[in-house]
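Chemist: Dock chain U against chain S, hints included.
Here the protein sequences come in this chain order: S and U.
Read in order, the letters of the first sequence are residues 300 to 598 in our numbering.
Read in order, the letters of the second sequence are residues 300 to 598 in our numbering.
By construction, these hints were calculated from the structure, which means they are not laboratory data.
Idealized CB from N, CA, C, for every residue including glycine.
Each hint should be verified, as a subset may be incorrect.
Stated by the list, open to error - One-sided excerpt, in silico: chain S residues whose CB lies under 8 Å from chain U:
hint	residue
1	F427
2	T428
3	L432
4	R437
5	K463
6	L464
7	A468
8	K471
9	A476
Claimed, not checked - Not close to chain S: a few residues of chain U, all C-beta gaps over 10 Å, as computed:
hint	residue
10	A342
11	A356
12	K389
13	N401
Number of protein chains: 2
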Amino acid sequence: MAAWWRAVRGVLLDISGVLYDSGGDGGGTPIAGSAEAVRRIKASGLKLRFCTNETQATREKFVKKLQGLGFDISVAEVTAPAPAACRILKERGLRPHLLVHNDLVPEFADLDKANPNCVVIGDAAENFTYANLNEAFRVLIGMEKPVLISLGRGRYYKETDGLKLDVGAYMKALEYACDVEAEVVGKPAKPFFESALAEMGVPPQQAIMIGDDIVNDVGGAQQCGMRAVQVRTGKYRALCVCLSTCRRMVQFLQDTGGVFCGQNPSVERGCSAKCDFRGSLERKPSPVCQPSFRELLAL
Amino acid sequence: MAAWWRAVRGVLLDISGVLYDSGGDGGGTPIAGSAEAVRRIKASGLKLRFCTNETQATREKFVKKLQGLGFDISVAEVTAPAPAACRILKERGLRPHLLVHNDLVPEFADLDKANPNCVVIGDAAENFTYANLNEAFRVLIGMEKPVLISLGRGRYYKETDGLKLDVGAYMKALEYACDVEAEVVGKPAKPFFESALAEMGVPPQQAIMIGDDIVNDVGGAQQCGMRAVQVRTGKYRALCVCLSTCRRMVQFLQDTGGVFCGQNPSVERGCSAKCDFRGSLERKPSPVCQPSFRELLAL
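Just chain S, with the same shape it has in the complex (with noise of 0.2 Å):
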């Protein structure tokens, strides 16, 4: 086992597409194993946080859902995008126009929402109809300097009748429209890992995270200096291994013993010539090895 693994002392845990998938008449489905998997990792003694860039929902409910489903959770434990937008705004003199999910909104009671000088977009789902798309792209056009904060900037995400596109897409939407880059709260941002991190009382070499997110996940938590897992399951597509990050794959497994990968074929599946990240390969992160959640903690 390679050194750093055993220095290994907290874990940042995805729960969309890691522990679960969303969706459906339940609010989601368990991923086989990931509940034990949690358990095994608050016994081990490492410390455990979860780091979520869900904002369907206030903490309180979605960690009720994920209690439900059999999970192991509190909202002590949880690093989500809302609170820390809240704390944002607060600081800026703030008031948000919000295209979020109806459930997210009771997270920004404490705001005043009069004359907004910004707009604060979350997975608004449902909500993102055209008339409140319209809506807060007015709101931001007519700034005189245009103040957009996106909780969160994925691609998509997997729910139980299959993929659906995330707020990052239409945070680009407006971000095009208006001219302006959005200020992102939330993975891949830095500041939110490092929230996270101090909040377990780890320094960043000493933790890793675990997620299905190439960029939001594995590519943000290295830019903070820590280790990070791709797992197999949610929105994990064979497309997202590319050749270019073989090396340093194989230096890992090698480094490590094979100990994610050692039983997982997945890995060299992923290293095969289907690559194609469209002429953007350099800028993607490399992903350690992608193992589902409950192979890599079985091993």
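Modeler: Quick look at chain U alone, frame taken from chain S:
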């Protein structure tokens, strides 16, 4: 009068924001003086081509509406993106998944749409629902090599009840989500302007484009070697007139003896310090001036 202006033999005319503001119960409101201006251009012997990114209706329906608003216009005089896209789809054997306005669908009647191998996006307006965007996204992301064809790249436009997001914003959302670059048909694509010029039988040096969109009308025409005028109606906003364009504007005014702008104080206001294309000035094209279409023709 400048030599080049005496040489002008053809006029390319944008429609929405120049001739009329779209939207509302009657389908739009004519901009004062525009119908008369069209008649005067035609009476002057100048060749005229309506060059529009309109994709909310078939050309037949669109032209009928404009005739009802008092404009002298026929289908044969209109260059529009949908017919141009159809030609491309047929040439390349592409079967489109359509994310367009219901009224545009008949333009694609002749094409095989089973088992789609590309997505065509137009200004779908009310069809830009959360469900439809997710569906287009899933079709795209499911392709080995996603092909996204966009009927324009406009940021927004003005309707009678206010500014609306245009197809370009939604194009950007899909581009980002799928990590692809759309192929744009319509303004500002060079082949689109070239096609309109060919239909008039006028070389670019002898043509002028009149529009309200600094990028799609003015910039696109300039890239083809044409001169271009940005009118102050439609989506025109003082913010879009930048300090960086002043020198060229002033030079143009001197060249032309102020023929377009001599009686138009708004040009000077446009050159004021109220200038913030937010760090991307260099990439923006420069209009020659900003009269209203009526003023332009009255001079």
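Chemist: All hints, please: hold or fail.
Modeler: To see whether the hints hold, each was checked on the structure:
The interface hint given for F427 of chain S is met, as the beta carbon of that residue sits about 5 Å from the closest beta carbon of chain U, less than 8 Å. At a threshold of 8 Å, the smallest CB-CB gap from T428 of chain S to chain U is about 7 Å, leaving the interface hint in force. Of the supplied interface hints, the one on L432 of chain S holds, with its beta-carbon coming within about 6 Å of a beta-carbon of chain U, less than 8 Å. For R437 of chain S, the interface hint holds, since its Cβ comes within 8 Å of a Cβ in chain U; the closest pair sits about 6 Å apart.
Given the 8 Å rule on beta carbons, the hint for K463 of chain S holds: about 5 Å separates it from the nearest Cβ of chain U. About 5 Å separates the beta-carbon of L464 of chain S from the nearest beta-carbon of chain U, less than 8 Å, and the hint is met. Hint on A468 of chain S holds. Least Cβ distance to chain U is approximately 4 Å, under the 8 Å limit. With 8 Å as the threshold, the beta carbon of K471 of chain S comes within range of chain U, its nearest partner Cβ sitting at about 4 Å, so the hint holds.
At its closest, the beta carbon of A476 of chain S sits 4 Å from a beta carbon of chain U; the interface hint therefore holds under the 8 Å criterion. For A342 of chain U, the shortest C-beta to C-beta distance to chain S comes to about 38 Å, beyond the 10 Å cut-off, and the non-interface label holds. Listed as a non-interface residue, A356 of chain U keeps its Cβ farther than 10 Å from every Cβ of chain S; the least gap is roughly 17 Å. The Cβ of K389 of chain U sits about 25 Å from the closest Cβ of chain S, beyond the 10 Å cut-off, so the non-interface label holds.
The beta carbon of N401 of chain U is kept farther than 10 Å from every beta carbon of chain S, the shortest such distance being approximately 13 Å.
In this structure, none of the earlier numbered hints is contradicted; all agree with it.
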